[in-house]
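Visitor: The listed protein sequences correspond, in order, to chains V and A.
So that you can map any letter, position 93 of the first sequence is 93 in my numbering, and since no number is skipped, the others follow by simple counting.
So that you can map any letter, position 137 of the second sequence is 137 in my numbering, and since no number is skipped, the others follow by simple counting.
Honestly, the hints are just simulated from the structure, not real lab data.
Non-contacting residues of chain A with respect to chain V, defined by C-beta distances greater than 12 Å in every case (computed): (1) Gly-30; (2) Ala-50; (3) Ala-51; (4) Leu-73; (5) Trp-74; (6) Tyr-97; (7) Leu-108; (8) Val-128; (9) Thr-214; (10) Asp-219; (11) Ala-236.
Quick partial rundown of chain V residues pointing at chain A, CB under 8 Å, derived from the structure: (12) Ala-78; (13) Met-105; (14) Met-107; (15) Phe-109; (16) Ser-111; (17) Phe-115; (18) Asn-117; (19) Phe-126; (20) Gly-127; (21) Met-130; (22) Arg-131; (23) Ile-178.
Computed beta-carbon distance windows for the label pairs: (24) A/Arg-101 x V/Thr-346: 56 to 62 Å; (25) A/Arg-101 x V/Gly-276: 52 to 58 Å; (26) V/Ser-152 x A/Arg-78: 49 to 55 Å; (27) A/Arg-101 x V/Thr-323: 47 to 53 Å; (28) A/Arg-104 x V/Ile-318: 52 to 58 Å; (29) A/Ser-111 x V/Ser-163: 36 to 42 Å; (30) A/Leu-191 x V/His-321: 57 to 63 Å; (31) V/Gln-157 x A/Arg-104: 36 to 42 Å; (32) V/Gly-326 x A/Arg-33: 57 to 63 Å; (33) V/Asp-221 x A/Pro-192: 31 to 37 Å; (34) A/Thr-94 x V/Ser-85: 32 to 38 Å.
Just so we're clear, the structure is a prediction, and the values are computed from it rather than from any experiment.
Here a beta-carbon is modelled for each residue, glycine too, at the ideal position from N, C-alpha and C.
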Amino acid sequence: MTARANEKANETGTAAAVHAPRAGGPGEGMPVSLRNITRAFGATKALDGMSLDIAPGELVALLGPSGCGKTTALRIVAGFEFADSGEVLVGGRDVSGVPAAKRDMGMVFQSYSLFPNMNALDNVGFGLRMRRTAGAQRRSKAAELLDMVGLSAQAAQFPHQLSGGQQQRVALARALAIEPRVLLLDEPLSALDAKVRLQLREQIRTLQQRLGTTTIFVTHDQEEALSMADRVGVMRSGKLEQLAEPSELYSRPATAFVAEFVGTMNRLPGELTAAGSTVTVLGAACPVIEGGPASGPVDVLVRPEGLTVAPAEGGNGIVTHRTFLGGTTRVAVLLSGDTEVRVDVTSAAAAPMTPGTAVQVGLPATPVLVAPREP
Amino acid sequence: MATLTPAAADEATSTDNSKKRLRPRQQRSGAWRWVVLLIAGVYFLLPLYAAFRFAGLSGFGDVFTTPGFGSSLWLSIRLAAVTWAISMVLMIPTTVYVHLRMPRMRRLLESVTILPIVIPPVVLIIGVLQVAPLALRASAWLLALEYVILALPFSYRALDAGLRAIDVKTLSEAAGSLGAGWLVTLWRVILPNMRTAVLSATILIVALVLGEFTMASLDLQQTFPAWIVLFDQENAQISVAASIFALFVTWIFLMLITVIATRQSRRTGGAEVTLFTVAPRQTIGN
Numbered sequence: 001m002t003a004r005a006n007e008k009a010n011e012t013g014t015a016a017a018v019h020a021p022r023a024g025g026p027g028e029g030m031p032v033s034l035r036n037i038t039r040a041f042g043a044t045k046a047l048d049g050m051s052l053d054i055a056p057g058e059l060v061a062l063l064g065p066s067g068c069g070k071t072t073a074l075r076i077v078a079g080f081e082f083a084d085s086g087e088v089l090v091g092g093r094d095v096s097g098v099p100a101a102k103r104d105m106g107m108v109f110q111s112y113s114l115f116p117n118m119n120a121l122d123n124v125g126f127g128l129r130m131r132r133t134a135g136a137q138r139r140s141k142a143a144e145l146l147d148m149v150g151l152s153a154q155a156a157q158f159p160h161q162l163s164g165g166q167q168q169r170v171a172l173a174r175a176l177a178i179e180p181r182v183l184l185l186d187e188p189l190s191a192l193d194a195k196v197r198l199q200l201r202e203q204i205r206t207l208q209q210r211l212g213t214t215t216i217f218v219t220h221d222q223e224e225a226l227s228m229a230d231r232v233g234v235m236r237s238g239k240l241e242q243l244a245e246p247s248e249l250y251s252r253p254a255t256a257f258v259a260e261f262v263g264t265m266n267r268l269p270g271e272l273t274a275a276g277s278t279v280t281v282l283g284a285a286c287p288v289i290e291g292g293p294a295s296g297p298v299d300v301l302v303r304p305e306g307l308t309v310a311p312a313e314g315g316n317g318i319v320t321h322r323t324f325l326g327g328t329t330r331v332a333v334l335l336s337g338d339t340e341v342r343v344d345v346t347s348a349a350a351a352p353m354t355p356g357t358a359v360q361v362g363l364p365a366t367p368v369l370v371a372p373r374e375p
Numbered sequence: 001m002a003t004l005t006p007a008a009a010d011e012a013t014s015t016d017n018s019k020k021r022l023r024p025r026q027q028r029s030g031a032w033r034w035v036v037l038l039i040a041g042v043y044f045l046l047p048l049y050a051a052f053r054f055a056g057l058s059g060f061g062d063v064f065t066t067p068g069f070g071s072s073l074w075l076s077i078r079l080a081a082v083t084w085a086i087s088m089v090l091m092i093p094t095t096v097y098v099h100l101r102m103p104r105m106r107r108l109l110e111s112v113t114i115l116p117i118v119i120p121p122v123v124l125i126i127g128v129l130q131v132a133p134l135a136l137r138a139s140a141w142l143l144a145l146e147y148v149i150l151a152l153p154f155s156y157r158a159l160d161a162g163l164r165a166i167d168v169k170t171l172s173e174a175a176g177s178l179g180a181g182w183l184v185t186l187w188r189v190i191l192p193n194m195r196t197a198v199l200s201a202t203i204l205i206v207a208l209v210l211g212e213f214t215m216a217s218l219d220l221q222q223t224f225p226a227w228i229v230l231f232d233q234e235n236a237q238i239s240v241a242a243s244i245f246a247l248f249v250t251w252i253f254l255m256l257i258t259v260i261a262t263r264q265s266r267r268t269g270g271a272e273v274t275l276f277t278v279a280p281r282q283t284i285g286n
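Next comes chain V alone, as it looks inside the complex:
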């Protein structure tokens, strides 16, 4: 690896700057930084001053609704798009002027991208062929990577003979074969069915951790992001809304957008008191997490598991329906004032709460997030 990097570094021009010798081998990824990236397509700003720092070997998921700029960000790192302003640093060096072919980045695409005219082994070996690796060495390396994704038996098969999941695994092996400085995954699982998606999710994560390759993973599936990533960046209109570990993102969302985009969230009308430091909701006074509005009409944001519910004659709500989720059951309750909330309780506790049952919904006096009330 080091030898190859050195050889490349001897070439002239910008490429040499990027291919600086790298302390090779698995376990040592590259730090990646996006600095104040802006990119506009006509009047729409796909990226609006986005900054992001990724530690070596880290897997960061970019999560957001379609059109939030996550794919544009990835394509700028890959070199398929160019930023209007800002810079992309890989291993501390700006790669903005380096063409995609010289960036040494492995990419797995959303749509099937295997070369139809080559079998699985040749697909995996393509990047090595571009690096002028000798035939025998190339084939053994490609075979090793196919083995890593569990597809040794399919080496001689052409893409049309492989299933969608197998194709994406070959694509992953192909991206990893060049020992990329950064691995870029652009919704690689979204074309697959649920079961295959789950298996592949684990496989990608295991491989990525074993190789220690810095990875950016773009997805609109929050479950995928939360289960795979070291840190998740939630994006909205070209900006990073919050970058945090999955557990923190879920329990301590920085903004109302993040709170409602990640997981299920209830909105309950509340009354700010004590200059905005507490809020009265469901008859209880709860401390407010800083960062929300200090006055005006507000909603309190609470997760389904943050509420309590119990049958009660003359309670504050009526059960409308229940969703059985295995160990827990999600109970939908219509509160007086036409607010509907969802509450998670153990399935045993939910048994007596048939639709139509009068219940009392409560909120323990824990710190809560508030947001300006939505009409």
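Starting from the structure of chain V, add chain A where the hints point.
Guide: Structure of chain A alone, referenced to chain V:
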């Protein structure tokens, strides 16, 4: 359509209900198929048979020794080869570039490339003969340049259909991220996957050049078709024999290309070789 639908629905139900009702209908449609085939066969083969009768066996024997036969056929073959080469060098990078970088231009290109069909060949060749430099006007290769234009509607459409069947953008980005420059991407990734389309374009170009008469005769070039017409006035029998021979040679050539292409694409799971449509590759399940 309205009259067809009830019948089709009826047929669908009868498939699982009664085989007795289905059988006569199947037989009837089978019989119709033969009638259509027979009419079409007579329509195409009768003139051929008549030509055979007229030429007689002796005509065929004399074709090859007739002056002008060899040289005109050789000229036509060379013209076909040059036309093909220019068309490919010009059109493959163009269509790929348009697909990748200017997808909105596809409509425009489609309508521009149809122009040679709309404008009569007579107009094209006379216009060109007026303005072409003298050196070019005296040479047979002017015809090749004209044929490139004349073949545009076919070559562009065949290549465009081939490119539409593959995800050019993703494939070239994948190749790019693996370190391939654009030339390598075109040669190793895009071109092998549009082989069927290239062969379709080849078939169409060759068939066109081997059969074109108007331009060649106005340009005073004795191509094979021009020679057949000219010789017809001298010896009609030999001329007819020559045209049957030309038909046969062209047919053999086209069959050969089709067979090779189909065998190739079957190996890599590509589409059947047809002229303007290339069926997209299918992925089996997940």
